[in-house]
Amino acid sequence: MPYISIIPDKYEEVKHLLRNELKEVCDFLDKKRKKIFTINGAYFPIIMALLAVPILGGILIILGFIVYLFFLLFGDEGVFWGVIFLFLLFGLYIWYLDSKSGFKRYKTKDLNYDYQTKILARLVPVYFESVDYQPTKFISKGLFLKSGFSAQDSFRFKGTNLFQGKINGISMAFSQIATSGYSSKRKSKGLVEENFEGILFILSYPIKFHSTTLVINDKHAQLFGDLSQMIQKKLYGDALVNLEDPKFEKLFTVLSTDQIEARYLLSFSMMEYLTELQEKSKMKLSFSFSDNKLFIALPSRRNIFNPDLRKPIRESVIDTIKYMEVIATIAEDIYDMHKHMIGRE
Amino acid sequence: MYLLVAIAIIFFIILLYFSTYNSIVRKENAVNNAFASVDVMLNKRLELIPKLVSVVTHYMDYEKELLTNLEQLQLEYKESNSKGNRKVAIDNSMQDKLQQLHTAVMCSKELASNKNVLQLQHTLVQTEEHISAARRFYNTCVTEYNNKILSFPAIVIAKQRNLKPKQVFSIPKFDRISPDIEKLLS
Chain Y
41 MPYISIIPDK YEEVKHLLRN ELKEVCDFLD KKRKKIFTIN GAYFPIIMAL
91 LAVPILGGIL IILGFIVYLF FLLFGDEGVF WGVIFLFLLF GLYIWYLDSK
141 SGFKRYKTKD LNYDYQTKIL ARLVPVYFES VDYQPTKFIS KGLFLKSGFS
191 AQDSFRFKGT NLFQGKINGI SMAFSQIATS GYSSKRKSKG LVEENFEGIL
241 FILSYPIKFH STTLVINDKH AQLFGDLSQM IQKKLYGDAL VNLEDPKFEK
291 LFTVLSTDQI EARYLLSFSM MEYLTELQEK SKMKLSFSFS DNKLFIALPS
341 RRNIFNPDLR KPIRESVIDT IKYMEVIATI AEDIYDMHKH MIGRE
Chain X
173 MYLLVAIAII FFIILLYFST YNSIVRKENA VNNAFASVDV MLNKRLELIP
223 KLVSVVTHYM DYEKELLTNL EQLQLEYKES NSKGNRKVAI DNSMQDKLQQ
273 LHTAVMCSKE LASNKNVLQL QHTLVQTEEH ISAARRFYNT CVTEYNNKIL
323 SFPAIVIAKQ RNLKPKQVFS IPKFDRISPD IEKLLS
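If you read the sequences in order, they're chains Y and X.
To convert a position in the first sequence, counted from 1, into the working numbering, add 40.
To convert a position in the second sequence, counted from 1, into the working numbering, add 172.
Extracted from the complex, chain X is given alone in its bound form:
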């Protein structure tokens, strides 16, 4: 009788181990797939940055440092082989710089009326919206993954496999214009 109970417990533990292990693998794969989607879109944006920088350089001597930083970050991103945290960190910094550039462009009368700049800005906005959606999906996957590996019993396997929580993207308030519904409905 005791033997049967012992076998049952061992069987249960083995089952739990494998199901938790597989669950972690599924979540890890989901994170990797989500990151691949973000990466594709970020690369699209990387192609736009040099074009934008080359157009605005003549008008923005006072923002040379910002433009240099942007180019450096772009190169750093391209050269990075990381599939997660490092690229996320670079992208977070790049977002700040792009936001600064966007503000600077809008403040310059010459640039704000330049057709090429406006076209590039529009394309960038559109790409940003796709990136934002991909980032949000990645963040959802990462949150699920982090929750999983930090909770019991998955934490045991995570420690054994040396898995660490992943960094999430910061989501900028770079969103579509929200209409003032108050004016229309009450």
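Bound conformation, chain Y alone:
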């Protein structure tokens, strides 16, 4: 999880909301969560397995008789096959019970919906002044493709929780997205086409540009240093942008369709900012400057806009707002960095 501190005044506001206005909703959802978790959640197979003992006990008597018949017919080997048969039967029973957890999924969907409409919808205005929140919608695949994060378009794309609106008069949108089913995990035009799950944040960039510049979080560059630079040069050719900040170069690989514009967008202070943001957020952030927008990919292991069944609802809220915090912080900073240029484009 990221360790981004919450802006104190906003955190106080969130805390106040959780303790007062949202207290009842949180308690209600916590009860719902506990019910799903204890009856249909992690303990579900254990409880059902325990219940299986007396049920199977009865069946065992009947089957014992069958095993005895096996013994009478086939001798000692008959007992062995009889026991194997029993184990298979037990496995089938567990599988049947687990398939019943569709009920759990239905209940979880219900909980997620309540969490999004009753809690998140109330918290959004704390961070974003005019943002429209649609839990079932998401950023389109077409828009994702404009980022240049993916060079091929034949992959599965889904998402939830679309937020769109303005910060400081600048348009922005973000949603949970998941990509999967790439035909090959290949590096093409500098892109690592791996399954991604997390948040895609799009911000209309305050200054105009015409090229596409990708700032990709590069674990290989971190591991192999100079060697990886040589490989990258061979792999990406003229698209590779070598920048002057060694710390930044160690964390990211930069590819662009315009070498000069890439340097215009990635000024010294911007490189410093992105390096610091990466280090402080502890997220593997990737950026794309394309189509006069800034696209930021923030990976997460689970859908951050759904409550975590293993944690109290209030803790899930804190997890969710940490991401909102990062997004709001980036939007504010990008605006601050360029406000002396806005209006003169």
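Calculated from the structure, these hints are not laboratory results.
Wrong hints could be hidden among the right ones.
Unchecked claim - Taking lysine-lysine and the PhoX-like style, the derived pairs with C-alpha atoms no more than 25 angstroms apart in a straight line are:
| id | chain 1 | residue 1 | chain 2 | residue 2 |
| --- | --- | --- | --- | --- |
| 1 | Y | Lys55 | Y | Lys362 |
| 2 | Y | Lys147 | Y | Lys158 |
| 3 | X | Lys199 | Y | Lys273 |
| 4 | Y | Lys158 | Y | Lys72 |
| 5 | Y | Lys320 | Y | Lys287 |
| 6 | Y | Lys71 | Y | Lys149 |
| 7 | X | Lys223 | X | Lys269 |
| 8 | Y | Lys75 | Y | Lys147 |
| 9 | Y | Lys74 | Y | Lys149 |
| 10 | Y | Lys324 | Y | Lys186 |
| 11 | Y | Lys290 | X | Lys320 |
| 12 | X | Lys236 | X | Lys259 |
| 13 | X | Lys338 | Y | Lys273 |
| 14 | X | Lys287 | Y | Lys248 |
| 15 | Y | Lys322 | Y | Lys287 |
| 16 | Y | Lys63 | Y | Lys158 |
| 17 | X | Lys236 | X | Lys269 |
| 18 | Y | Lys290 | Y | Lys320 |
| 19 | X | Lys216 | Y | Lys248 |
| 20 | Y | Lys273 | X | Lys320 |
| 21 | Y | Lys320 | Y | Lys50 |
| 22 | Y | Lys362 | Y | Lys333 |
| 23 | Y | Lys147 | Y | Lys63 |
| 24 | Y | Lys362 | Y | Lys351 |
| 25 | X | Lys320 | Y | Lys274 |
| 26 | X | Lys216 | X | Lys250 |
| 27 | Y | Lys198 | Y | Lys324 |
| 28 | Y | Lys379 | X | Lys281 |
| 29 | Y | Lys274 | X | Lys199 |
| 30 | Y | Lys379 | X | Lys216 |
| 31 | X | Lys281 | X | Lys269 |
| 32 | Y | Lys351 | Y | Lys149 |
| 33 | Y | Lys379 | X | Lys287 |
Said to hold, decoys possible - Just some of the chain Y residues that point at chain X, by a computed CB distance under 8 angstroms:
| id | residue |
| --- | --- |
| 34 | Asn282 |
| 35 | Glu284 |
| 36 | Tyr304 |
Positions of the beta carbon are idealized from the N, C-alpha and C atoms, including for glycine.
For chain Y, the structure is supplied; the task is to place chain X on it using the hints.
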């Protein structure tokens, strides 16, 4: 057998010579292209300087020498036919003078509140950022080129062609405002 080995060695040397030669040519062209980009942007800035000078002249009698120097440098740049070192040197001096002018404008209350001056200053800042990016790209190309011609075996061809290391632009700390992330993240 010896003949074959000798032919192979000669063939290898010829191959190495041509590949190194071509590599130098590619890097030289990259430097020239990068310089052309900087030149275009510097010319844009040159057009702004006379406007700025004419607006601030009335208010800055005490900085007459600075303004004259700026105009001289501007003329010198325009008249220079050099495609490298000379223009780079002029630009480096011009940057210093512009920085001084910027500071002087900011120190003068009259000028700091003059709309025309502010507009010109803003345009200049924006142009400077584009120039800065182009300079950085030029410097990267020049560094690669200099590294190439100073290392073996390219140094042999470079000496033969009388190629000399090129001068890089100095990059001013004329950059966008960096937000204080410490305040927001810890």
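Holds or violated: Y:Lys362 with Y:Lys351, Cα cutoff 25 angstroms?
Satisfied, since the Cα-Cα distance of roughly 15 angstroms is no more than 25 angstroms.
Holds or violated: are the alpha carbons of X:Lys236 and X:Lys269 at most 25 angstroms from each other?
This hinted pair holds, its Cα atoms lying about 12 angstroms apart.
Y:Lys198 paired with Y:Lys324 [C-alpha distance capped at 25 angstroms]:
Between Y:Lys198 and Y:Lys324 the Cα gap is close to 21 angstroms, so the pair holds against 25 angstroms.
Has the given pair, Y:Lys147 with Y:Lys63, been kept, meaning a C-alpha gap of at most 25 angstroms?
It holds: about 21 angstroms lies between the C-alpha atoms, which stays within 25 angstroms.
Quickly compare the C-alpha distance for Y:Lys55 and Y:Lys362 to 25 angstroms and report which way the hint goes.
Holds: Y:Lys55 and Y:Lys362 sit about 13 angstroms apart, inside 25 angstroms.
Between Y:Lys147 and Y:Lys158, does the CA-CA distance stay at or below 25 angstroms?
Roughly 16 angstroms separates the two Cα atoms, so the pair holds.
If you draw a straight line from the CA of X:Lys199 to the CA of Y:Lys273, is it 25 angstroms or shorter?
Within the cut-off at roughly 15 angstroms; holds.
Check whether the Cα positions of Y:Lys274 and X:Lys199 lie no farther apart than 25 angstroms.
holds (16 angstroms)
Should the hint that Y:Glu284 touches chain X count as held when the rule is a Cβ pair under 8 angstroms?
holds (7 angstroms)
Can you confirm whether the C-alpha distance between Y:Lys320 and Y:Lys287 stays at or below 25 angstroms?
Status holds; Cα separation ~14 angstroms.
Within 25 angstroms, alpha carbon to alpha carbon, are X:Lys216 and X:Lys250?
holds (11 angstroms)
Within a Cα-Cα threshold of 25 angstroms, do X:Lys236 and X:Lys259 meet the stated pairing?
holds (24 angstroms)
Hint violations for this structure: none, all hints satisfied.
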